[in-house]
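What follows is the residue order along each chain.
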Amino acid sequence: MVTLPYLMALSAAIFAIGVLGFLTRRNILVMFMSVELMLNAVNLAFIALGSRLGTMDGQVIVFFVMTVAAAEAAVGLAIIISIFRGRETVHADDLTMLRW
Amino acid sequence: MVTTVVNLESSALALILLFPALGVLFNLFCGARMGRRAVNVVGPGVMFLAFAAASWVFVRILALPRGDALTFTLWPWIEAGRFHVEFALRVDALSAVMVMIVTGIGAFIHLYSVGYMAHDDDFARFFTYMNLFALSMLILILASNLLMMFVGWEGVGLCSYLLIGFWYTNPQYAYNGRKAFIVNRIGDAGFILGMLTIIAALARGGVWTLDFTAIQAHAGLLTTGTATAACLLLFLGATGKSAQIPLYVWLPDAMVGPTPVSALIHAATMVTAGVYMVARLNFLFILAPDAMTVVATIGALTAFFAGTIAIVQPDIKKVLAYSTISQLGYMFLGVGSGAFAAGIFHVMTHAFFKGLLFLCAGSVIHALGGEQDMNKMGALRKHLPITFWTMLAATLAIAAVPGFSGYFSKDLILEGAYESGHVWLWGLGVLTAGITGFYMFRLLFMTFFGESRVDPDKLHHLHESPPAMTIPLVVLAIASVVGGWAGLPKGLLWGDAFARFLAPVVGNFKPAVEASALGLSAAATIVGLLGILLAYICYIRMPGLPKIIAWRAKSLYDVLMEKYYIDELYNLIVTRPLFFVSNVILNRGIDRFAIDGAVNGVGVSVRAGSQLARRSETGNVQHYAFVYVLGVVGVVAYYLYLVRH
Amino acid sequence: MPIALFWFLAAVSVISALGVVLQRNPIHCLLALIVTLLAIAVMFIGEDAVVVGFLQAIVYGGAIMVLFLFVIWLLNLGVEVGPSGHLALKLFGTIAVAAMTAELMAFVLPPHLQVKFAGHAAGYGSIDSLSQTLFSEYLVAFEVTSVLLLVAVVGAVALARRSSAAEIEQHAADTARKAQRVS
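Chains as they are written, first to last, in my numbering: chain A, 1 to 100; chain B, 1 to 645; chain C, 1 to 183.
Hints may be right or wrong, so weigh each one.
DEER-style ranges, computed between Cβ atoms [as the list claims (entries may be wrong)]:
no., chain 1, residue 1, chain 2, residue 2, range
1, B, Arg-33, C, Gln-180, 50 to 56 Å
2, C, Ala-11, B, Tyr-628, 55 to 61 Å
3, C, Gln-180, B, Ile-595, 40 to 46 Å
These are calculated hints, taken from the structure and not from any lab test. The beta-carbon is built from N, C-alpha and C at its ideal position, and this holds for glycine as well.
Only chain A is shown next, with the shape it has when bound in the complex (with noise of 0.2 Å):
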């Protein structure tokens, strides 16, 4: 039986991932991949709880996330485009304008 802790568990490891990737990798896209991932992994643990409890209510909220994942992921490129154009560069180091 697969019980709810296993669920959990392996969304809080694709979670912890996600955190890693992001906090080591230079190339902005990857970083943008890395933030993909930790909302897989929360979808998860909504998913697996809404389940376990009974409800839709955590499938309703997936959906959501989905949405609203998809209109950032298409805003949040348009702006790496834009950048790109400006800076001919997508490495983090070099993108450090809002320093004091």
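Position chains B and C relative to chain A; hints supplied.
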């Protein structure tokens, strides 16, 4: 003492104040625009109207039963719990006399100013200040309570400052104005403390007021000690306002103001406010014999002290200034000895002849185009006849030559001094009489007699003054001659009518020592005449004598010339330490170093802190995410803790 | 779902997640991500969330990942070049993540998180029940999300659009004027 409140007559009291007030408003707001003619009419005009109102009131007072007063309440002023003070006017015999003096002489001096200030463009401001002064002085005199009197007291101080520094473009004049105000302020502090002492003492008995009638009625509530303290504090105020030791130093420097100002404020009226205050509070001073002794002593000492300085002064107005201080000393000798009526009598005669002396001096100065040094005068008799004869009348009066006004009043004071037991003070007064005779006739001789030492280019200018100036001279000269006849020695004609008139208010003088009035008078007169004789010798007979004496007694001469170095002394022990405390300790030490340092320090530390904090804004989003993760670790740990327990 | 399936899917998703994070070439990262997404989609279906599972595959894998792919092609990115310094960040980052993982495991694994699971009702996870909940309780959120999508589309277009020549000139003129005012 029955007081009467009668509407029609009482409203005349308000008129006395109203006229000068209207003058102030007119001159202040329309004066410059309406032109010299209008101001010359309004300025003196309101004073003459006030004099008319005052005369009417005086006549009514004469008609009332002895001791009665007229009152008029303007508005209820302070209502603080049980303490209440009204803005109310009260006139009795004493204040009636004073009001007549102020408005009468004031009116004529205003008229004189029309001629004196004819070439000055600032006429509107001048008459505004003069009317304002008159208003304040009248408030002082007509006040029904001590606090309102203080309002007038401060008001005249203000006007004195404004008028001394009238030609403010000269820094020295402005400085002298400030000096007068500040020295007065010290006295005023004493006055306020005296008032508070009285309030406190009366309050203990359940009486919460400063009304004169109330204080008199409940004077028994004050112990001798309290009364002495209050009287001494109030007298401190009087030494400031009336230029006695130790706060007289402003009066000689006040001579830089226009001469009408010197005549009105610093001779006839404002400086007598202190004497009036003591006379007004006679019931209080009677309770404190020690305070009275102090008053009399300081009066006599000041009279002598100032007289000695006057002997050597070359500036005509300075001589008159020190003479004023000296004569004020006489007045305080009088009231301090319990002879209140005598003191006020001398106030009146002094107003006549000293006012006249200043106006004559002004006439001389005006004729000489501004020259005030007597060493550059001489033989002006022919050129300025009216001025000469009127000044002669005044000089005879102040030197107490028998028959003239000053003789009667000064005699009465010296008699009071002797008969109250202050024999030494009497002696000092007699000596000062001689000195007075000397320096006054010195002034007369140096100015009008002898050889002309006038600057040649000023000789063309030399002319008698216009009628606006000479009419007041004549009027005051007549007053100087006959004014003293209000108080003749007992037994002669109508006797001491003046003293009898004031007796219900200030009480009768009770001699402690019996003496022959004639004997005392003779002593004083002889000494006075000796002084005149000495002046005659020094300045007519042997003109070179003064220089020889000055050379022989050089150190004494220098001390007198430098006014006993009092100003320098005050500078050393008061002004310099005060400046030190203000500047070094308070300004640099506390204000700049401590307070500004603390405030600026806050700013500096915020800045330093933010410089440190900004380094966390690296711009690198992964750094931010890292901190975020740390936060998550913390939050989850907290929830773990909650779940576990 | 059977345990074996779960373990298999878990392994696949974890390994490909690590692949996302550790690969050099961005395209390889992308492919690993797609594998992870599909594994998770299957897990959704295993939990009876059929609709959402399919949506996951279609929307995520089909749309978003394709978008990523296009961007990578557009920017012509190759292998990551340049120093990947910041050893401090990597070190401390790893430590922080490890701590977080440990905490999350400690939170998730112990028995207090057990719930009584008696099986699903019929129709759980079907499009019917999804729509029921979606259009009743979450109606407002639904509407708002549609507006959000619209805004996102407009924003993306506006951001990614090349400026016309006139706009470039205007922008240059504005910047010059602002610089003058400041000086």
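Distance restraint hint 55 to 61 Å, applied to the beta-carbon atoms of C:Ala-11 and B:Tyr-628: 29 Å, violated
Distance restraint hint 40 to 46 Å, applied to the beta-carbon atoms of C:Gln-180 and B:Ile-595: Check passed, 43 Å falls within 40 to 46 Å.
That 50 to 56 Å hint for B:Arg-33 and C:Gln-180 (C-beta), does it hold up? Distance hint for B:Arg-33, C:Gln-180 holds at roughly 52 Å.
When each numbered hint is compared with the structure, a violation occurs for hint 2 only.
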